[in-house]
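Asks: Spelled out from the first residue to the last, the chains are:
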Amino acid sequence: MPTELKTGKVAIHATINTEPTDWLSEPRETLLEALRDRLGLTGSKEGCGNGNCGACAVLMEGRLVNSCCVLAVEAEGASITTVEGCGTPEGLSPIQRCFLEEAALQCGFCTPGFIVATKALLEKTPNPTEDEIRWWLAGNLCRCTGYDKIVRAVQNAAAAMGGN
Amino acid sequence: MATETKYRVIGTRPVRPDGVDKVTGRALYGADIVLPRMAHARVLRSPHAHARIRSIDTRQAEALTGVLAVVTAKDLPDVDAILMVGEGGDVNMRHASHNILAHDKALYEGHAVAAVAATSPHIALEALKRIVVDYEALPPVIDVRKAMEPEATLLHEDQFTDTAGEKSEKPSNIASHTIAEEGDIEKGFAEAKVVVEREFVTQTVHQGYIEPHAAVAEWRSDGFLTLWCPTQGAFAVRQQCAQILQHPASHIKVVPTEIGGGFGGKISVYLEPVAAILSRKTGRPIKILMDRAEVLMGTGPTPGTYIKVKMGVDAEGNITAAQALLAYDAGAYPGSPVGAGCMTVFAPYRLKNVRIDGYDVLVNKPKSAAYRAPGATVAEFATETVVDEICEQMGLDPLEFRLKNGAKEGDWRPFGPPYTRIGAIECVEAAQGSDHWKAPLEHEAPNGKRRGRGVASGYWMNWGGTSSCTGRLNGDGSVFLLEGSTDIGGTRASIAMQFAEAFGVDYAQVIPQVVDTDTVGYNDVTGGSRTTFGTGYAAHALAQKMQRDIVEKLAPIWEVEPDTITVEGACYASNGKSATIMEVAKLLDEKGIQVVSSVTTSPHNSSGAFATHIADVEVDSETGKVDVVRYTAVQDAGKAIHPAYVEGQMQGGVAQGIGWALNEEYFYDSAGKLRNATLLDYRMPTTLDVPPIETIIVEVPSPDHPYGVRGAGEVPIVPPPAAIANAIYDAVGVRLQTLPMSPAKVCAAILAKEGAA
Amino acid sequence: MAVVHIPAPLRSLTGGETDVVVPGATLAEVVEALEERFPGLKSRLTEGDRIRPGMAVFVGGVQTPFHLSTRVPADAEIYFAPAISGG
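Protein chains in written order, with my numbering: chain H, 1 to 164; chain X, 165 to 921; chain B, 922 to 1008.
Treat the hints as calculated values from the structure; they're not laboratory data.
Warning: the hint list may mix true and false statements.
[Stated by the list, open to error] Dumping the calculated DSSO-like pairs for lysine-lysine here, alpha-carbon to alpha-carbon at most 27 angstroms:
no., chain 1, residue 1, chain 2, residue 2
1, X, K334, B, K963
2, X, K331, B, K963
3, X, K310, X, K293
4, X, K602, X, K568
5, X, K472, X, K516
6, H, K9, X, K170
7, X, K755, X, K717
8, X, K709, X, K170
9, H, K6, X, K293
The following block holds chain H by itself, in its conformation from the complex (with noise of 0.2 angstroms):
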């Protein structure tokens, strides 16, 4: 039996929150392990390693992704936006203040998830009703607050975006 493992490792240049950045990943690795182990972006969260929480969700060319489901490599030359580029505790975007207000988070776990999530939603339909927003967030699982909070929050975070 080997005892060593061949894991000749890839060099990734990517954009990650508007900054060029260069790092280098095995090929096995998944973006979110790239994102946290490698780039210390821990606001990625691993929750389940398969795709069906949404606690490690980014934006990949804008559109929404779960980064455990997408190899690292695959980030090459694309840009990608995660919970830390949502926003700055010195310049909190609306969704990011909506949320605080509303008390849509209890362990905040699930938060950035829901935070690219809401992002990637308002973007595209900056003005949704309750059923397109639960439709939207169904991806992303929270254990805390029942949603009905989240809920809320988006709703006011579209009203404050000027979504009428």
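Start from chain H and add chains X and B according to the hints.
Replies: Below, chains X and B without anything else, positioned relative to chain H:
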């Protein structure tokens, strides 16, 4: 204590202090911790539900480049202690240790058998495959009733049935038999006009926190261990690790990271001792993670059960007798919450003649852990559906029945002293007055489905426990509030609010921090619905102590005796001199005088929280799919410190209850293997599975807390399965006696009814 | 004197009595008094110098620590119950 007082801070809805970090992704959870030279570990788990472990050969794994160390149960010391961890529950540490790394037997699929530390998590995973374990597979026991049979295969040859301290003659999978009794049930049932007796079977479900377990361990060269982990109780982790590692607790520091959900499942340790021994063996910090399948198979779900409930009601609608048998599967080691099940099964009712038998039963499933009001949800599912059936047979309004028979202060409880002041009746009355209850219900929905409405009540005890806080006054009048209650749901805010109210400052001036076990005095776990009550109580006591300490330090500056200084909220005054706390803080700071105060409190919490829920469902008779279309949760919170977070607890508990009612279950095959260990097939509610959840907070102040707080976190998960079951009956005329009431089961019940017609 | 409410499974040892009045200024003394009247009760309630693991004890409506040195006020009501945890 609390009347209709007008509060400054309490009852408002400020933004929580840790919120900004959480919406920007900056908050650090267990798996986010990174240390220099950190190595990575993963756990090897048994593929068998029941097997003797003949040998473990780790040589091939150790030979893999990048592997730093491999450990098994041999690397843990022998332990034989009973530890007082958590709310009065005693934990057998020998069982806990064997659960963390299997000894001579693997007792469930997923039971940890060995662990590897390596330079990368991928190498660690590869190395697991190279560990050779020689198993002798044994017949698995999965069903709780089968496990109770005299000839059942035993999990432990040395386990006997304990009945209030008396040991059975022969070993058994029944670890304990709990009995509660009052009056004469034979006589009571004889007096009844209607008697209903039903049997129920419920499946294992998991707390389902989105964050898997994680731990990081590092040793200092002088024998001090530091652990970082997401946990409901840093001190509980410290105590358990001290026992399991046989290392002094004074030499273990636990730093609680942010925690991504617990619900009772992050109180027992699983990974922390493993990380510690790997770290000691490798001389490097170790981070160890679980993936989702490991969480489902290797941590502590809540028991599957067999329950029998019998109730008798006289012609006037009074309950004359009630009897329950509760058999809960504890998993691989004793310790199911069957005692709590016994305590809560008839809790909403005033009873004269009762008999309750509870059995804690071993099966080849993971060792069960607490899940939000542990033991109560399934017990109330049984009782509240029997009550519904009785009401229907006798033509009684279900809420009127609950008023007539509702438990009040002074009424009997199965264990311990009678009820003190409770809000069971007030919750039912609020439900009656709700828009939901008064809204007419069309049984035929426009889309062709059938609609129905059901109600159910629930109860959960609150624990007081011990909490410590330390306060430091800053020159600008702000106060650092150091506390040790990890924040799962917004308690930093509710604790800071109570301090601010008592100390006379604005909420914004209080800077709460959750700190490690070296930095603050002892704190019991965040659980048992105790945190806003118990740590809030400590914060209130701290405010009062700080005021006294400030008076002592102010007196010489003002050149007066301390006992001439009065404190009214934020105002300090003596003989015509007066100053606000802001002015006093500035004055003391200018003179270089520090105010640092600490308290530790252990208030008794005599009461608990009641809830009454109303559910409207829509049932598709062809597929059996049930949708919850309207839901109202009424709950007695005593006093809602931060109403948005009380509402959040209610809504979150309801959503979990809906999942438990309609879809969640551990699906075992005949070999005892879990067939749905992913979040696709262990399907928890999404945004599409729950309606908007209306909340009505009732406030019957608790007699044990300065602001009247009752614990709010757990009771909301108790009524939903029964409320939904009763609504399904109202919709399509079938009563289900199993959980979950998944489409296949509802469909089968509808077809059976139609076939019988 | 304290009033001890006897848990259901132990009433076979007390001849069916559900509430028993015994002297004692501490839990230890109360248990000794119970053992004197109803032999066999002590080993069902205690282990060494503490309440039996898995049990809780309430004195005057308040859950007390496990040690038998706990003081018992005059006319206190005492309940022994299974220890119950939350989540």
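Asks: Now tell me if each hint is right for this structure.
Replies: Going through the hints against the structure:
1. In summary, the hint linking X/K334 to B/K963 is supported, as the alpha carbons are separated by about 23 angstroms, within the 27 angstroms threshold.
2. For the hint pairing X/K331 with B/K963, the CA-to-CA distance comes to about 15 angstroms; that is within 27 angstroms, so the pair holds.
3. Between X/K310 and X/K293, the direct Cα distance comes to roughly 34 angstroms. Violation of the 27 angstroms bound is thereby established for this hinted pair.
4. For the hint pairing X/K602 with X/K568, the CA-to-CA distance comes to about 20 angstroms; that is within 27 angstroms, so the pair holds.
5. Taken as a hint, the X/K472 and X/K516 pair is honoured in the structure, with Cα atoms around 19 angstroms apart against an allowance of 27 angstroms.
6. Note on H/K9 and X/K170: the hinted pairing is violated, with a Cα-Cα distance of about 64 angstroms set against a maximum of 27 angstroms.
7. This hinted pair checks out: X/K755 and X/K717 have alpha carbons roughly 11 angstroms apart, not beyond 27 angstroms.
8. Restraint check for X/K709 and X/K170: satisfied, since their Cα atoms lie roughly 23 angstroms apart, inside the 27 angstroms limit.
9. Straight-line distance between C-alpha atoms of H/K6 and X/K293 comes to about 16 angstroms, which keeps the hinted pair within the 27 angstroms bound.
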